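Chemist: Chain by chain, the residues:
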Amino acid sequence: MFLGGKRANELNKPVILDAVAAGATKYRTNEANKLLNEVNFSVIKGNVSEIKALFAGESSTRGVDASEEIDENNIDELVFFVKNSAKKINSIILVTGKIDILSDGNKTYIVKNGVDEMAAITGSGCMLSAFLSAFVAVENSLESVLAAVCTMGLAGEKALETMIKNNAGNSSYRNYLIDEVYKMTKYALDKGAKYELK
Amino acid sequence: MFLGGKRANELNKPVILDAVAAGATKYRTNEANKLLNEVNFSVIKGNVSEIKALFAGESSTRGVDASEEIDENNIDELVFFVKNSAKKINSIILVTGKIDILSDGNKTYIVKNGVDEMAAITGSGCMLSAFLSAFVAVENSLESVLAAVCTMGLAGEKALETMIKNNAGNSSYRNYLIDEVYKMTKYALDKGAKYELK
Amino acid sequence: MFLGGKRANELNKPVILDAVAAGATKYRTNEANKLLNEVNFSVIKGNVSEIKALFAGESSTRGVDASEEIDENNIDELVFFVKNSAKKINSIILVTGKIDILSDGNKTYIVKNGVDEMAAITGSGCMLSAFLSAFVAVENSLESVLAAVCTMGLAGEKALETMIKNNAGNSSYRNYLIDEVYKMTKYALDKGAKYELK
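Protein chains in written order, with the working numbering: chain L, 1 to 198; chain B, 1 to 198; chain F, 1 to 198.
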């Protein structure tokens, strides 16, 4: 991991950190922190508690609500925290949740695509990481991350429509989700993306 | 396996044995017997031949038909065998097949939910084992095992209806089966469970 | 692999080589060639470039077009190449592509079943290899390989119809493909197989 990350840095290839379970176990928090010290990441992705475990030891983030979910009540506080953390580490940070927040330290977007059903299957977070890699490989920018996040969430919304129409469940939902990614078009993304510049 | 089972016993956590391929290879029969000697199982699950391989060396079971399938002809004999075996080992024994038999040595139920299609995919037996674990973790009782067996079989029946309606095959069936588990409600289970106290 | 192949030869069991990535890496080309030297294969399967990597070092094949796809323009040249290679190695060779070519060195068939969608999922090539094994285990003949290839391609065609009807995508397509294999009948195969003796 360390060797791969450093070599990718040398070759100017974007590297993405999916900080899975940072904060949940000491080992994972430590490894993630070591990676952050030794590798330059283009994008650092996690849910609220994962990202807080990595960046909220800083004084500027003490005010961040302990809640693990992003909603209308804590969104402004979290946007401030994510933006500052991104500026400090000089990477894009993506916090996923009911509302997603992404920032490169200068600009910050929030995304409202996606449905709860995506949490009823395994792998939707990993799919998004794969997406990020594909999008950032083409264009290493905040807008590229924004497009990946909107695409995934929009696919989740469309898949839910099919699930409801077919009176299906979570196993079929997983197929429908991949189907919708497969069928996604620029037109559908433009029409369905729900994001705001903060 | 041995360490895990013993530790779970110490902590009063229910342990389930899925006696896969006991009787089919010497190694597996021996390992299953060693586990039965060293660990107290809440539930021991297997098909007719697996359970017979573990318990039919006993004199009381000599009369048990050599047939591997449970049907109306051998059901009474098998009920007697399962009940006696459960009493002897002081665990719940669950024998799966066209008709399922489950007994804690005092009470014995038979279950007639389920369809042949469930044998056309891999994993439906493992799903039931996972189910048993979930149900028995909540309530360690014969009725809890009964509910798990009925839920699985009923999901299989409903999934078959969808497969036929959609003119689908076994791969879609596997998804429909998980879908039906996901959608199962107390009401549907009460209405669709087909069991008898023997 | 070597031991297994030789033992199967001793027992007169058919052995199939799926020459995945021969030609793509030195290691795989060498291993495939070693296997061809030490084991007698009933069927050797690959796409155009894989089969060419193994057999086109021979003088008789210099004229073979460098194109990796089989189409109406290079089909006659490729048929000639496959037939000659099969004769030389005394095995059935199956070249897969938009058009499939199979020959035992005497007779050569081309098959036009199948759709592009099969390349949009992982595993369809492996499914065909599993099919070949099943078919050749029953009857070790060129016609048996022909039936396997037509069955797989025809299942792919039917699965595409379902995908389009349901406005689905590649993940559902993978399920539909397995469904169609499951539902395939002798009658449907006779009616839908598209092959020619060359």
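None of these hints come from the bench; they were simulated from the model.
Fair warning: there could be bad hints in the mix.
Just so you know, same-sequence chains aren't split out, so a pair can sit in one copy or run between any two.
What the hints assert, rightly or not - Below, a list of computed lysine to any residue pairs in the SDA-like style, where the Cα atoms sit at most 25 Å apart:
(1) Lys186 to Asn167
(2) Lys165 to Ala188
(3) Lys165 to Glu31
(4) Lys88 to Leu36
(5) Lys191 to Arg7
(6) Lys98 to Lys183
(7) Lys183 to Thr162
(8) Lys186 to Ala120
(9) Lys158 to Lys183
(10) Lys186 to Glu69
(11) Lys26 to Leu160
(12) Lys198 to Phe2
(13) Lys13 to Met1
(14) Lys98 to Met1
(15) Lys87 to Ser144
(16) Lys165 to Thr185
(17) Lys165 to Lys183
(18) Lys88 to Gly23
(19) Lys13 to Ile164
(20) Lys183 to Ile121
(21) Lys112 to Glu143
Model, not experiment: these values are computed from the prediction.
Chemist: Hints numbered earlier in the text: which of these fail when held up against the supplied structure?
Modeler: 3, 5, 10, 11, 12, 14, 19
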